[in-house]
Every structure is written in structure tokens, then in C-alpha cells.
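Using the sequences plus the hints, can you model the full thing?
Chains E and V, in that order, give the protein sequences. Those letters in the first sequence? Residues 1 to 563, by my numbering. Those letters in the second sequence? Residues 1001 to 1153, by my numbering.
To be clear, the hints were calculated from the coordinates, so they are not data collected in a lab. Computed from a predicted structure; not experimentally measured. Any given hint could be a false lead.
[To be verified] The following label-pair restraints were derived from C-beta to C-beta distances:
#: 1; chain 1: E; residue 1: 506; chain 2: V; residue 2: 1025; range: 41 to 51 Å
#: 2; chain 1: E; residue 1: 166; chain 2: V; residue 2: 1113; range: 44 to 54 Å
#: 3; chain 1: E; residue 1: 109; chain 2: V; residue 2: 1100; range: 49 to 59 Å
#: 4; chain 1: E; residue 1: 403; chain 2: V; residue 2: 1051; range: 44 to 54 Å
#: 5; chain 1: V; residue 1: 1036; chain 2: E; residue 2: 166; range: 32 to 42 Å
#: 6; chain 1: V; residue 1: 1002; chain 2: E; residue 2: 312; range: 20 to 30 Å
Idealized CB from N, CA, C, for every residue including glycine.
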Amino acid sequence: MELSGSQMVIEALRKENVSVVFGYPGGAIMNVYDEVYKQNYFKHILTRHEQAALHAADGYARATGEVGVAFVTSGPGFTNAVTGLATAYMDSIPMVVISGQVPISMIGTDAFQEIDAVGISRPCVKHNYLVKDVKDLPRILKEAFYIARSGRPGPVHVDIPKDVTAQIGHFAYPSEIKMQTYKPTYKGNPRQIKKAIEAIVAAKRPVLYIGGGAINSNASAEVREFAKICGIPAVETLMARGVMGDENPLLLGMLGMHGCYSANMAMSEADLMIAFGPRFDDRVTGKLSEFAKHAKIIHVDIDPSSIGKIVPIDYPIVGDLKNVVEAMIPLAKEHVDADKYKPWRDLLKRYNEIHPLKYEDSNEVLKPQWAIERVGQLLGDKAIICTDVGQHQMWAAQFYPFSYPRQWLSSGGLGTMGYGLPAAIGAKVAIPSKTVINFTGDGSILMNIQELMTAVENKVAVVNIILNNQFLGMVRQWQTFFYNKRYSSTDLSVQPDFVKLVESFGGRGFRVKTKDEFDKALKEAIESNTVCMIDVQVDRFENVLPMVPAGGTLYNMMLEYKE
Amino acid sequence: MRRVLSVIVLNEDGVLSRISGLFAGRGYNIDSLTVAPIPKTNLSRLTIVTSGSTPVLEQIVKQLHKLIPTYKVIESGQFVEKEMALVKIPLSEDFNGLDAMLKAYNGTIASSGEDFIVVMVADDYDRIDNFLKAVKKYNPTDIVRSGSVAMDI
Ligand SMILES: Cc1ncc(C[n+]2csc(CCOP(=O)(O)OP(=O)(O)O)c2C)c(N)n1
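Next comes the structure, spelled out in C-alpha cells:
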């Protein structure tokens, strides 16, 4: 089949079963957009900023596990997209981003809207390509999708010069991938797996430390089964919320900087840590020399470079988590005695009773934690929860009752403010049957507020709940604790009328100050089936607790803050 | 700790900047780097001399492996390692003893001009160090080192 480069892009997306692309056009990618206009294989959603196109593709990918796809133009279109690439890269999200580039003859001449896109994207993608000849395009597109979704997933960037999108070439989409150099390891080494089981049998205080890899490899069911067979208590990272299900009696909760007491103590007192796909982020480990210092460590990860990067590992297992846990299950059934860990489970349960996650509710002023709990009570598993970045994000991770993986979409690794609204749009487009809630802050929401227009235009009914403390709350909290209350540049009390703002875009707005008003607004927002923003006036000085100060030790949490 | 790595990669656009970017972005050292295509293949071989603690060296190897175009990283075992140096010496110098020195370091005179000669030596990396110290007495005006090439044996 003879096709132009642009037609090849469309055909490749069709072969990859892509159903939606998010993007923003411009000179260098107009040939591709002309073909977008002519086709009816996939829907194209025009965002109002390139960063948002990538976050939307990212939200789509997190909600479904499929590859998210975005188009942007060269120069400023591409540079706007970089934060979206970095966000997806840090959280290992499968994504293919296609950017336009100036014609090959003009590359390197500082042409209008030229930028070294592959040079800029290199440190924040799994792989990238500059396509120099249309004959390479089918292979490159096939590889891009394959690399994005295989092994440790990640974003792949394909930069296509304008003349290549116009060139005609032969299109034969490869049915198979034959890459000489890239071969991820999926099966864990059986000897290592056996040794890991022996270590579990020998342990008295084992703990499962579950990370985002459990979600990426769709291993939730296997992890739950394994935990149950062994009777081993589990802690989840921010990225892994939903893997165990919050009803699960073995789940202690989230660990780390704002983790719960029992989870952090479990890590500190364990004699064996079974790490299922986490990456030992510093927000989790605190001071490294004190992190789980009594524990031997089993680490399962598909990315060999992730193993031993932060702490030395006693039992490294490279492989896809789902495969590895599947292989561990029969051995665990045969050898592990769940009763043996009962005293350990009881101890952790007591820890949880002494120091549960808590906040002081009030009837004078709305507490942000209350609002999150309330949404959880009313919607539970019917909602997908997105967040921006800040205190509201941590409270959502702590207080929303998650029950399944991919219910929780949040920028963990990069911590990108402005992620929430576009990601919520991507998630709602992917799974329209779910209510999609975006918990956001009065700071974060303004970073991609223009996407209200995208949501309204495309009738993507997402509900934004601003936990409005009129502060860059998380930064204000650090200033309170560590900078003697010098609130440098964090006061946001000068702010727009969020209700009028969303209405001006054509959505619905609510302002609430009481619990009753909150319930009423939430109900109306969900029933309205349109884009909504609930501006919740919350306690300005509420803090996220517990807290392990950066570089502190997990067993020395601040449990309270007293003036 | 000094370490020689032999890295086999696809010979394609941008692969060298991927590798140098990996070192720069993560703050790893590159002491020297040489690269050339491997005859009759679509591959190139890089010889990278780097240094760092054992965990850092381990990460370097894993991160190199992680790059999509990387075919192989040879990091252990025995290497023959050689480096070349070119040294420009003014003709006004007294060359007494230079011949013997060149002989000792696998050297020759590579070129000469109206008022200089260029000598070339090819030897082990630390012996090149020694040679460059010794050749100072001829007041060289220019010195170029090639970086190591290595072959695993
Ligand atoms: C793009 C970006 N810029 C800056 C930061 C640093 N930062 C982290 S949390 C935060 C405050 C967020 O404020 P807000 O969105 O109002 O949420 P709150 O903490 O009040 O819930 C800031 C500025 C960031 N994470 N992302």
C-alpha cells in the first residue's frame, strides 16, 4: 500500500486499536491533522494546551492500562508537552506522543518553530525517535507502541518532520516486533523465587511493600491472593493505592512521608520486606540508613536498574510481577504457615488502634478530610479519583476508600500540579460509566483551568472538588513546621470567583461552606451530568498528618502539630 | 574505582548522545569514551572508561543496559586496553634519549614539519601517563590522547 507519512500515522493508530487521541495542531503537524479530519477510526479531542493533551492521554492510560496517545506540533507545542512526558515517565505510564518537526532540510537552521525535540525529550522518555525517512515510519510506530507498553511501561516520543509526513512510501505495518536489542525479562528466575519463599518461611515479621509496578503489571488479584495465603500484612505506596483494596484486613494503609503509623512501623520493625514493584522513593524511605534496617529484602521488579538502586537487596527477582507472584503462589501454599505471623499481625493491629489516621472534625468550618471521606461514603467504588498535587492529594490518598486498582490517578513521581483536570478528562473519556472526581487545590486548578473548555466542548462530565484553603497549602504546611510561619508567596486569598469561572466556560459551579451544602452540591453535580466545580471553603490551616519530615525516620512520625 | 566498559549498541542516529546524556543526567563520570562501527554489522562498539563506587558502577551498567539500542555491556573479565597519544615537540629541543623512549612505549615519529615533530605512542593507559610525564622534558607544545580502546579476551 502506498501512503503518505501522515496516512501511515493514521493507519498505525488504527492497527494499534487506538480509540482516542488528544492533541493540539500547528504548522509542522498539519499534514497529520488533515488526515485526522478525513478518518473516522478514532476520536480526536482538542485540548486547550499541549501539557493537558499529554496529561489527558496519561489519565486515559492509567484508567485503562492501554497506551495513551497525543499529537502536538513542533517548537512551542512540543516544549509545552514536556511536563506531560516527564510526568508519565516518572510514573511509568504507557504513552505514545507524536510531534511535528520542521522539514528535514531546515533542521539545525533555527527555523521558525524549530527546537531539538528529541534532545529535549531524551531524559524524560523511555525512548524517542526522529524519523528521517518515510520508509522507516511503519516500523518506528510499531516499535513505539511496543516499547511504550512492554517491560517497564513509559512514554515514547516520535518526532516527524513535515516533509516526512508528506512523503509517499510503502506501508506494510509489521505484524511482529523484531528488535535486536530490547528484550524485557518477564519470567522470574525459579531459583531466586524458591529462595524468596524460603526467606518468607524463615521470617517472623514479614511485610509486603507494594508499589506502582503492581498496577502496571495488573497483578492486583495475584498480590491479594498471595498476601492471603501467607497472612502477611501489606503496605501500599501512593502509586499502589487500590491494589489490596481498603476493606482488606491485611492492608495497613499507605506508608511514607504521610503514611499511617502502623504501615511505617511495620516497615521499621519487619525482619523481611517483600517489595512488589516499588521504587524506594525518598518520600517513602525517609532516612535511608534507618529504613527497614532490621529487614532482609526481596525485591521483584521488571526493571533491573530499579533493583538495588537505593538500598542493597538480598533477593533480587527480575520479572513481570504478575508472572512472578503467580509462580510464588503454589510454593507459598505448600510451605508458608499463615498462623505463624499472627502475633505480628496482632501487634500491627494494635498500632493501628493506638494511632489510626484521624483528624479533628468541626461543625464551624469544613475539614478537607471530611469532604474526602464524605465523597467516599457516597460514591465508593463508583468513582475514579484523580488529584492534583498538594495537601488535598495526600488527604485523598489517606481518606478515600479505594477498592480496586486504576481507581486512583495521581502524579506521584513528578508531583505535577495541573495534572488533575486533564487526567480526569482522559479517565472519563476512557470509562464514561464511572463518576470521575478530581480533588484539587485552589493553587493547582489554576495551572490547567483552560481545560474546562475541553471538558465542556466534549461533554466530559468531570466533577472538580476544590479543597479551597486559599493557600498553596502543602508549601504553607512546610513553612509552618520548618520556616517559623514565614508564609512566603503561599497566600492565595486573592483568587477568582471559581463559580463564575466555571460558569463562564459553560459548566456548573457550587460554593459550599457547610456539610449540608456539600452533600447537596455533590448530588447535584453528579446528577447534572456536566462539567462541575465545587468550591469547598475549608479550614485554612489544616495540616496533613502524620508526617515524616524529609530525611527523617519512618518510626519518628509527627503525629500531631501543636501550636 | 576505575572501570573499563565495552558497550555494543545499534549504530543509529543519536545513540552517542543517549549514552553521554545518561552519564551527564545522572552525574556519572566519563574519563574517556571512544566509539567506532563494528565491521560488517549494524553495531558500534564504545569503550567507556569511568569511575565510581561499586554501587555507582553497578547502576551505570544497569542504566546502559536499559537504553533501548544497547545490545550488550561487557563489564567484567579481562580486557586488553590500549590508548594512543600524539605529542608535538619543537625541533629546537635536544632529542637526546627520545628514540629509546619511543621504543619503550611502542612509539614512532608520526609526522614532522619545519619546526616540529609529532610522535605517536600506543600503550596501556597508565603507561601513557608515564610517557607523558617523561616526555615533558622535551617541552611539548601539544598533547592529544585518544581515550582507551579495549577488547575483551
Ligand atoms: C507545577 C508545580 N509547581 C510547583 C509545585 C510545588 N508544590 C507542591 S504542593 C504545592 C501547593 C499546592 O497548592 P494547592 O494546589 O492549593 O493544594 P493544597 O496543598 O492547598 O491542597 C506546590 C506549589 C508542584 N508540585 N508542581
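C-beta pair residue 1036(V), residue 166(E): status relative to the range 32 to 42 Å that was hinted: 36 Å, holds
C-beta pair residue 1002(V), residue 312(E): status relative to the range 20 to 30 Å that was hinted: 23 Å, holds
Residue 1113(V) and residue 166(E) - C-beta distance against the hinted 44 to 54 Å: This hint holds: roughly 52 Å between Cβ atoms.
Residue 506(E) versus residue 1025(V) beta-carbon gap, inside 41 to 51 Å or not: Holds, at about 43 Å.
Distance restraint hint 44 to 54 Å, applied to the beta-carbon atoms of residue 403(E) and residue 1051(V): At 50 Å between Cβs, range holds.
Hint check for residue 1100(V) and residue 109(E) - Cβ pair distance inside 49 to 59 Å: Given about 54 Å between the Cβ atoms, the range holds.
The structure agrees with every numbered hint stated previously.
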